[in-house]
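Asks: As a plain string of letters, each chain reads:
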Amino acid sequence: MATFRLNVNGSQKTVDVDPSTPLLWVLREELKLTGTKYGCGISACGACTVHVGGIATRSCVVPVELVGERPIVTIEAIGNDPVGRAVQNAWIEKDVVQCGYCQSGQIMSAVALLKDTKKPTDKNIEESMGGNLCRCATYVRIREAIKRASQQLG
Amino acid sequence: MLKRTCALFVVVTFVAICVSLSITEAAKSRRENQAAGLAAWDKVYSVLTSPRCINCHTATNYPQQGDDRHRHFANVIRGPEGKGVAGLNCVSCHQERNADSTGVPGGHNWHLAPLSMQWQDLNDRPLSSSAICRAITDRSRNNNMDSAALLKHHTEEQLVLWAWNPGRHPDGSLRTLPPMSHEEFVTATRTWVEAGTPCPKGR
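Those sequence lines, one after another, are chains A and B. If you count by our numbering, then the first sequence holds residues 1 to 154, one letter each, in order. If you count by our numbering, then the second sequence holds residues 1 to 203, one letter each, in order.
Any given hint could turn out to be false.
Unchecked claim - No farther apart than 20 Å at their CA atoms in a straight line, the calculated lysine to any residue pairs in the SDA-like style are these: (1) A/K119 - B/G79; (2) B/K83 - A/G54; (3) A/K147 - A/D122; (4) A/K115 - B/G82; (5) A/K123 - B/M117; (6) A/K118 - B/P80; (7) A/K123 - B/P80; (8) B/K43 - B/E157; (9) A/K32 - A/P82; (10) A/K94 - A/K32; (11) A/K123 - B/E157; (12) A/K118 - A/E69; (13) A/K115 - B/G79; (14) A/K119 - B/E157; (15) B/K83 - A/I55; (16) A/K118 - B/E81; (17) A/K123 - B/K43.
Said to hold, decoys possible - Here are a few chain B residues that face chain A, going by a calculated C-beta distance under 10 Å: (18) G66; (19) H70; (20) F73; (21) G79; (22) G82; (23) G84; (24) V85; (25) V91; (26) S92; (27) E96; (28) A99; (29) D100.
FYI, nobody ran anything at the bench for these hints, they're computed from the structure. Ideal Cβ placement from N, Cα and C applies to all residues, glycine included.
Work out the full structure: start from the sequences and follow the hints.
Replies: Here it is, written out as structure tokens:
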């Protein structure tokens, strides 16, 4: 076990865990931030996506010991960000969600895309969101919502 | 007079023989040097085309993984700078060092080699020895590296070094290594460089 000080959603958190523990389980089990989901556990589905140092990151494969001082943002706080808020509004407007399990990861990846590319093309969206799987196949509405958020952000 | 002419003839003949022998020796030395350089290059090529190296020197829009060099899973693509795309960057998973507990390899600035340094064709077949040799000695394609810089790259570059410390698979087994030690690889590169980076003939 080791003690780690993490910057999570703007707050300093201290956790005492095995260094090899994936960040996902630190967020969910230690910090009770359960909005981030466990899907595949091998970074193949994107359900566990959070932002680490501003990069969309698959938290299920990143041991907490490799996070360092980089700030972590989860779905619980992404609405505090203007791009995050626009994406969440567009998700509601376009009624994207079906079962919802993958959607926190979808939103985190969509925010990362829009922060990088203000006016994404269909190709941009397909490439950036290609690692986020949705068993309900809400892909068409996800694409519409990303474009809607892009419009709202100007 | 005749005596002086004969002496001059002998001297000239002697000098000519010496020069000829010297040229022959130099040519022989050059040939041996070239042969040693080409033999060293063969060793370098065997490393460059091993999965730990060539998997990120693709000609396609994606990296490869595994000893069978299959397409990287999770729809990972190259992106404009070889670092993936926003939302699905290489560093979305690959951290500063190997994550053995989750089986994800890592190293500083994880990324694909540029397309100018592709060592495979579009069907994922490794290029020939001569083609890769030409590519990595072409400064218009190799990030303007001269032979000294190539040696330094093989000796010190973090992602090159990673090939000899590739970490574990998710099942805990160790990834396979290139076919020789890093020290042997550097020695082979040095021999090749000192021989003038000769490339095999052919396409």
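Asks: All hints are to be evaluated individually against the structure, with a verdict given for each.
Replies: A quick look at each hint next to the structure:
Straight-line distance between C-alpha atoms of A/K119 and B/G79 comes to about 17 Å, which keeps the hinted pair within the 20 Å bound. For the suggested pair B/K83 and A/G54, the alpha carbons sit about 15 Å apart, so the restraint of at most 20 Å is met. Between A/K147 and A/D122 the CA atoms are separated by roughly 9 Å; this keeps the pair inside 20 Å, and the hint holds. Of the supplied pair hints, the one linking A/K115 and B/G82 holds, its CA atoms being roughly 19 Å apart against a limit of 20 Å.
Straight-line distance between C-alpha atoms of A/K123 and B/M117 comes to about 25 Å, which puts the hinted pair past the 20 Å bound. Proximity of A/K118 to B/P80 is assessed by CA-CA distance (about 16 Å); at most 20 Å being required, the pair is judged to hold. Restraint check: the Cα-Cα separation between A/K123 and B/P80 comes to about 13 Å, which is no more than 20 Å; the hinted pair holds. For the given pair, B/K43 sits about 19 Å from B/E157 by alpha-carbon distance, which is consistent with the 20 Å threshold.
Only pairs whose Cα atoms come within 20 Å are accepted, and A/K32 paired with A/P82 is rejected, the gap being roughly 25 Å. For the suggested pair A/K94 and A/K32, the alpha carbons sit about 29 Å apart, so the restraint of at most 20 Å is broken. This hinted pair does not check out: A/K123 and B/E157 have alpha carbons roughly 34 Å apart, beyond 20 Å. The suggested pairing of A/K118 with A/E69 is violated, with an alpha-carbon distance near 28 Å, which exceeds 20 Å.
A distance of roughly 16 Å separates the Cα atoms of A/K115 and B/G79; the hinted pair therefore holds under the 20 Å criterion. Distance check on the hinted pair: A/K119 and B/E157 sit about 36 Å apart at the alpha-carbon level, beyond 20 Å; violated. For the hint linking B/K83 to A/I55, the alpha-carbon distance of about 12 Å falls within 20 Å, and the restraint holds. Restraint check for A/K118 and B/E81: the C-alpha separation of about 18 Å stays at or below 20 Å, so the hint holds.
With a C-alpha separation of about 41 Å, the suggested pair A/K123 and B/K43 falls outside the 20 Å cut-off, and the hint is violated. Nearest Cβ of chain A to the Cβ of B/G66: about 14 Å, over the 10 Å cut. The hint is violated. Because the smallest distance between the Cβ of B/H70 and any Cβ of chain A comes to about 14 Å, over 10 Å, the interface hint for this residue is violated. Nearest Cβ of chain A to the Cβ of B/F73: about 6 Å, under the 10 Å cut. The hint holds.
Of the supplied interface hints, the one on B/G79 holds, with its beta-carbon coming within about 8 Å of a beta-carbon of chain A, less than 10 Å. At its closest, the beta carbon of B/G82 sits 14 Å from a beta carbon of chain A; the interface hint therefore is violated under the 10 Å criterion. Checking B/G84 against chain A by beta carbon gives a least distance of about 9 Å; that is within 10 Å, so the hint holds. Hint on B/V85 holds. Least Cβ distance to chain A is approximately 5 Å, under the 10 Å limit.
Restraint check, B/V91 versus chain A: the minimum CB separation of about 6 Å is within 10 Å; hint holds. At its closest, the beta carbon of B/S92 sits 5 Å from a beta carbon of chain A; the interface hint therefore holds under the 10 Å criterion. Using the Cβ-Cβ criterion of 10 Å, the hint placing B/E96 at the interface with chain A is satisfied: the shortest such distance is roughly 6 Å. Interface hint status for B/A99: upheld, as the beta-carbon distance to the closest one in chain A is roughly 5 Å, under 10 Å.
Using the Cβ-Cβ criterion of 10 Å, the hint placing B/D100 at the interface with chain A is satisfied: the shortest such distance is roughly 8 Å.
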